[in-house]
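Colleague: Residues per chain, in single letters:
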Amino acid sequence: MPIRKKLGRIIFSLLALLWLSGCWDQKEVEEQAYVIGIGIDKAEDQENRVKITYLISNPEAGATAQGGGSGEQPREIISFVADEFISSTNLANSVIAKQITYDLLRMIAVSEEFARDEQFIRWIYDATKAMEIKRDIKFLVTKEDTATFFQTNNPILETRPHEYFEKILNTGFNNGTIPKSELNQFFRITEADADLFLGIYSSSEKERRQQSGEDPHQITAGEFQFEGETNTTQFIGSAVFKEGQMIDSLTIEETRLAILLNPTLKPGFFLGTLPDPFDETYRIVIRVENNGPLKVDMKLKSGTPNIDVIVPLTIEVLSNHSMTDYPKDAEKRNKLKKSIQESLTKKIEDLIRKTQEEYKTEPFGWSLIARKKFSTLSEWENFDWMKTYPDMNTNVSVQIKLGKFGRQSDLPRIEEIRD
Amino acid sequence: MEQSKQLIGIKEYVAIALLMIGTKLTDDTPSIIFENVKNAGWMTPIINGLIAIIPIYFLMKVVTNYKSKNLAEVTDHLFGKFFSFLILLLLLAVGLSAVIIDTAIYTDIIGTMYFSKTPTIIIYGILMFVCAYGASRGFEQIGSVAWIVFPYLQGSLLLALILTIGQGNTAFLFPLFGPGTWEVVKESSLKLSIYADFLYLFLFYPYIKNSKVFKKGTWLSFILIVINMSISMACYVFLFDYQSIMQLNYPYHEVIRTITFGFMINMEALFLPFWLIASFVRFSIYLYVIAILFGHLFKIKHFEYLIPSLATSIVFLGMIPESPTFAIFNLRENLILIVSPLFFFLPCLMWLVAKLKGEYKNANKKKVG
Amino acid sequence: MLNRLLRKTHRKKVKNEQSSNEKNTLKESDIDANLENTINLFKSLYSYSDNQDVILRTIHIPGINKNAAIFFINTITNPMSIEDYIVSPLLQNNDATKQVEDIITVQSMKTNTRISDIVTHINNGNTALFVDGEKHAYLIGSSNFEGRAVEKTQNENVVKGPKEAFNEKAATNISLIRKKIKSESLVVESLIISKRSRNDLYIVYEKDLVDDKLLQNVKNRVNSLDVDAVQNLSLLEQHIEERKYSIFPTVLYTERPDRAASFIEDGYIVLLMDNSPDSLVLPATFWSFFHTSEEHYLRFPYGNFTRLLRIMALFITLFTSSVYVAVVTYHSEMVPPDLLLAIAATREKVPFPAAVEVFLMEFAFELIREAGLRVPSPIGPTIGIVGALILGQAAVQANIVSPIVVIIVALGGLSSFAIGDISMNFTVRIGRLLLLFAASFMGLFGLTALFTMGIFYMVSIKSFGVPYLSPLTPFYASSGDKIFRKVLQKEILRPGYVKPKDIKKR
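Chains P, L and F are the protein sequences, given in the same order. For the first sequence, numbering that gives the first Met the number 0 begins at 0 and goes up steadily by one. For the second sequence, numbering that gives the first Met the number 0 begins at 0 and goes up steadily by one. For the third sequence, numbering that gives the first Met the number 0 begins at 0 and goes up steadily by one.
Calculated directly from the structure, the hints in this document are not laboratory data. The structure presented is a predicted model; accordingly, all values stated were derived computationally and were not measured. Be aware that one or more of the hints could be misleading.
[Unchecked claim] Not everything, but these chain F residues come out facing chain P in the computed CB check (under 10 Å):
#1 Val-327
#2 His-330
#3 Ala-343
For every residue, glycine included, the Cβ atom is placed at its ideal position computed from N, Cα and C.
Looking at chain P on its own, in the form it has when it is part of the complex (with noise of 0.2 Å):
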């Protein structure tokens, strides 16, 4: 019993000791401050250094519950040269009071100059070293300098940026104006060096360019125009990364066409519009959905290989300024199944077309499907998806179900009324 006593007593000093001397990643919530997103820059003239730019998130701000809330800004941008983000926490901690921490850290933005260079694929796998990213973090790239878009943005509504940044992007996912750009699929892609990588284009400035042609969904990201008092900040279409390197952008309805034709995208609904077939000086408006899974059948083995995609889509009609009667009219309404399966199987080639000649690979994740086809990674790196993807035949057809006509399908007729 007294052996039992005594070690009993050593090791409980030991654990009071520890538990004195211990605590050796204790850190407290409020004494760190929150990286809410990088943003990176080229550093002007230095060649292998960045700049790099901090989005701090302020807890305070718009706290209610007692103890907290106060007048303080919702955030605090910092933006500094570095040699890379890992280690430039601590020069911004002489300027910031508190320890900056990554855990909260959601996005990273990258500049498009930067994103365009040919080193930038060596600063971003810094991102896999650090032990607080996380892998399933946003990636998008700005139009101009990062550091004046996080200065920019100014939301007025959602005032905590994490909030901000956290529902115009999934609202804009989910309207198909922008992809679903996770850092680790970033990674993923430029490993399998197969596809191309859409990461979600953004800016912060309006440019003075007037709205290009009639579509207003041929835009990108800085081609919106609006006017109100509001944010200057917009998520537009997607930035096209070959290779880890930037090689162009896509517009919103690209954007769009390209999550329809991707297969391991589950994508909601797009509101899109169309030239009405029985006016040409108006536009209809559809609601596209997908009607059961994208069937693409690929030949890969013998002479050339071919695609063949099926795309179903379900479209409702949701707008009719040329008060045509499509509900009781079948003829018509063939015309119009036939005006919009064209015009969408056109576009879609006509993106196909652009990504075989302008980007020799394409961003729909086919590539994926075509693994399929092989039994071993010799064989499917010998065939080389990059290389053999210009030279494919790609047949598209488009498969629509007219779908509702609104909520109400009926409409008054316009000769009538106007009698």
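On the provided structure of chain P, position chains L and F as indicated by the hints.
Modeller: Frame of chain P; chains L and F shown alone:
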């Protein structure tokens, strides 16, 4: 401590086996496998499983032939004092080094993934302290704890896997045969030793209620382990694709950091405790195994008293390699390669010797008599 | 082991020799036929002139023409019955042929010669009648201890089901149990377990169910007690339990006769004592502390709903504060961003680290709880209001603690009340503090380490040879009444871990 020894039932036994061997899928074993067989890594557990049936079957034949004799005593009986001492010493060495390497890896996982500033010795010390405490409680207690926690551990793994499948992409499994059919089979069989722990399970034979429970339990846990391993390895591929997964040190932990469930963006807090419990129980079992072997080899009757000192020495041995993530990874890889043939040939050899000695006939005669 | 035993018996001897050697030898002898001598003996034994409530009355029985003496303690006897059934029949007897046994009209009467036995009977409230020339005493049952009537349960309240509780009289308690088990196989054995105060212990069991080994084990342990007094079961519990330093209870303590009876029906052993408004149930498993009797009185879904609530409450109590501290100080990246920022915002002006903050609040909560228990009842509600409302509210407003911590601690404290058993309640509360320590030291790692050790400890506990977590593990045939219960019709087995002679309930 002098409590009457109770024999453990099938539930406890299966839980022990699963925690002892199945927990491997959460450390760096998958990444060792993925390194050579790439996206066909999920086949390795199955192929190995098919091969492993042979040694386990032979061993089962030999050991169950004797009532209430564990593997060590059977070896004594079959090979005579000297050779059996050598064989068991080899087994002990392999087991001890496996425990040292594995605990070092688990400490490294905890250290790098969750407690980066805490000194290794503290993490290691706590880990081994808990395990030594658990092991010194006795075998039936380990079995009981294993059974209590097992359903929850399996549940948490299942949840993780379901979420992974939901967020992953099954197309990543293709091309189906990865680096090529022959390559897969060859590389897999070299890593047969992922099941080598089954050898040590036979040390528990006298503690199990009866030989029927032992047989049934061993095969049941074997099947469950194979299924668990290959499904989770497939799930790792679903989420990361083969190029990324080859670069990950600890895929399970990357998985639980990546998956999300509704509003819960970060789920690792949910999975970490379960994984920790599994590791604690796992190393308690290992410590007990080592203690049994040690006690048998050096004729120490109350081998439970060895456990604290064994645990202490493991901590100090495990602390030796620097930059553990790489050093230990290599050590472990080599260990796996070395142990594979041992695991395959030892049971066959035992069976042959037993056959030549005419042990089976004796047993039959005894039954008749 | 042997050494210790020897030492024990040795010690016993020494003690005995020291304490009133003379009196003991005297007590072991028989009484004298001479009435005068007997009276003097008992007068000296009971310090007759000093002891106010010891009554000695000498009478002359006319019929048989003998002197007699009645000896009793009047505070624990029923004066009416002495008057009506002993004194008056004796005095009015005129029949010379009648024996003393026939004259006295009381229900129970025994004769005894040994002084020590007679003394025991007198101490138990019986009346001793000494008759001149007879070498034995008549012991007449007339005891009447003061005590409460059967009242409602105080601690283990139920909404549906019997409301009566044990009281401080063992006889009443036995009667309450007999009321539920009307069977000849129900045995109430009595033992004297202390040397000086000579406290009675009643061992209640069903003889065709209980495991003989278990019964012997209990008896041995009770008999090996070497103490002067064991006033009640709460003290006895501490004498007979195996692990005295353990935070886990191994003997169940219940004040409900229905609960005790249902345990007896399952082959358990129940201990009763005077002065204890409760019973001890042996052996006890973790589940018996976790269950209440109401879950079987309620219908299957309702009962299990309660069980579900209780198991959740158990885990909430154990883990809320420690998980909060672990997550906030070590694993902040695991908290959803909105919540983390909310926590950070409220903690902004709090001067203490999160661990200290939670400790402070836990301490305050336990204080309120303890104070509420001890405070005289008229002030009780005031303390509750001051404690809960003013303290919490003011602490938050003064930025001493953050509002979230108040929620966390209050939730944990509230949930702890769902564990009804007082011993298990303490276990959980102490366990919660230990886990909190572990969590503030090493976060989730420390928390899990301690929890795992706790489970290892729990499975190694045995209560009278029964594993603490059985039948969960090790497995035993039983009705599977663990976290959830089955439909009554499917509960056909008695728990196998108490090894009943008849395992089937029908």
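Colleague: Take the hints in turn and mark each one as holding or not.
Modeller: For each hint, the structure was consulted:
1. The beta carbon of Val-327(F) is positioned within 10 Å of a beta carbon in chain P (closest approach about 5 Å), and the interface hint is therefore held.
2. Look at His-330(F): its Cβ gets to within about 9 Å of chain P, closer than 10 Å, so that hint holds up.
3. With 10 Å as the threshold, the beta carbon of Ala-343(F) comes within range of chain P, its nearest partner Cβ sitting at about 4 Å, so the hint holds.
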